[in-house]
Amino acid sequence: MPSLLEIQRGMAATIFGDDAALVALGVVAGGISAAARIDIYRNNVLGNYRKALAATFPVVRRLVGAAFFDAAIDAFVRAHPSNRGDVNRYGGDLARFLADYAPARSLGYLPDVARLEWAIDQAGIAADAPAFDFAALAALAEDAHASLRFVLHPSAQLIESRYPILHIWRVNQPDGHGPPDVDLGEGGDSLLVARGEHGVGVERLGPGETALLRALGRDAPLATAASRANQAEPSFHLPTALRRYVASHLLVAVRVQDPFVKGSPQ
Amino acid sequence: MASSRALPAVAGIGLRAPHVAEVRRSRPPIGWLEVHSENYFVDGGPALAALEAIRADYPVSLHGVGLSLGSADPLDPEHLARLKRLAARIEPSAISEHLCWSHVDGRHLNDLLPLPLNDEALALVCDRVDAVQTALGQPLLVENVSSYLRFADDTFAEWDFVAAVAMKTGCKLLFDVSNVYVNALNHGFDPRSYLAAIPGGSVAEIHLAGFDASGPCLIDTHGARVAPPVWTLYRSAIERFGPKPTLLEWDTDIPALEVLLDEAAQAQAVLSELRDAVAA
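Residue numbers (this note's numbering), protein chains in the order written: chain A, 1 to 266; chain B, 267 to 546.
Don't take every hint at face value.
To be verified - Label pairs and their in silico Cβ distance ranges:
id	chain 1	residue 1	chain 2	residue 2	range
1	B	Gly454	A	Glu203	58 to 66 angstroms
2	A	Gly176	B	Val544	55 to 63 angstroms
3	A	Pro2	B	Pro495	44 to 52 angstroms
4	A	Asp93	B	Pro465	43 to 51 angstroms
5	A	Ala67	B	Gly454	20 to 28 angstroms
Honestly, the hints are just simulated from the structure, not real lab data. Note that the coordinates shown come from a computational prediction; the quantities given were computed from them, not determined experimentally. For every residue, glycine included, the Cβ atom is placed at its ideal position computed from N, Cα and C.
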């Protein structure tokens, strides 16, 4: 009699296409063949992933069509198996997979659209953050200002692409009616994905904001981030950007880094 | 530790994302709500906030689909920790999981896969149920699953296996009447033998859902109204077990909320009728 582990290994292998593993399972046929019974599970398992990932990547699915998407997901599931009992958190590797997926080779923008959709999905379930504490900012000594760090909302992500993925994403919404064609020569995008009061938003950033947020996201002090922003965009106006970020709850806290204790928040 | 109140012995519905806003707005007259635990394994955001708001108005049951009580792999400590954290936040009236396996060698299939019904599987499941109950500090409700195959070397009838898990661990049973019916047809047994073997005192909840009968096997899709023979079997179950919290589940091709409420009203009619008959 096969052990529980042998049965589970054999059944998983069979579901993912290793027909030779079926025999050792000792499945009772009874009216329907053992292979047909495994087919039911294979259809359920692959169908679950297709459905779950279609919900996370609706624009990718619309861009390639349902049949192409389903085939890509079936291949993705084999190449990057789920490692969680929570299927909602499965799909983070899809962009990387699509970049190497031969049938999608001509669709250079597709992995970046997948990255954008994953960022949007994850932004919806990221941690909440308390309101910005102005009192804490006001209470800081002036000589602390240069080493001030801003904490971004946990949902915030920068997505950069050499393709116009925001335009692609907007006109290819699953319920969209507009013409889905986009001129890939429009140029690239630098996008901020973050959850605010009204849900997850996507906005296009200029070079100054991109440099600022990239630096803040990497825990650079404000002074460093601001000088990067000014290098990227000489007309960049820091106070305007900061005011907007606090209002939209993109910046949620300040802290001062002790220069001798790397990474320790005050 | 979250205090747990029992679910009321009335009809409830499975709450799915398309209905959350409407439930919050209209507060339908339904006894309780059940959600999939994993849908709330999140760090924050509007879905979790909505569940907390709903929790103020309705008893809530957390129904897991991914803990994999029957895997030869060890229990996933992160999954259990997230469940525990969610339970502390929501203070559910019940926490349930399926009698199945879904991962092997760290690879998840994210489906409810059938166990061989033998001593090795029984001992392993009982260990896992014990561990989960200890971690949660409250009884777990364990649900019988529908299946499309069984193993030649099985040494238990399914109903004896389910009953043994309850007897050995003291867990409660989430008795899915639809799954019993589906398995009875798929594997050729009399569903009344199943009912007769289940210790009624262990049953803490009942599930009802629709299946797909278009192929050679009945497939438990949770995508249709409850079939007439399942309603008949449900009535037999309530006659045998007494009134139990009864949940209408619908997970694919989710219809308008009123369709679910209408199905729940049918279950409630059976519960009320049999409760009155006992009282008379």
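Now for the hints, and whether the structure bears them out:
1. B:Gly454 / A:Glu203: 58 to 66 angstroms: holds (60 angstroms)
2. A:Gly176 / B:Val544: 55 to 63 angstroms: Since Gly176 of chain A and Val544 of chain B have Cβ atoms about 57 angstroms apart, the given range 55 to 63 angstroms holds.
3. A:Pro2 / B:Pro495: 44 to 52 angstroms: violated (35 angstroms)
4. A:Asp93 / B:Pro465: 43 to 51 angstroms: holds (45 angstroms)
5. A:Ala67 / B:Gly454: 20 to 28 angstroms: Hint violated: Cβ distance 37 angstroms, outside 20 to 28 angstroms.
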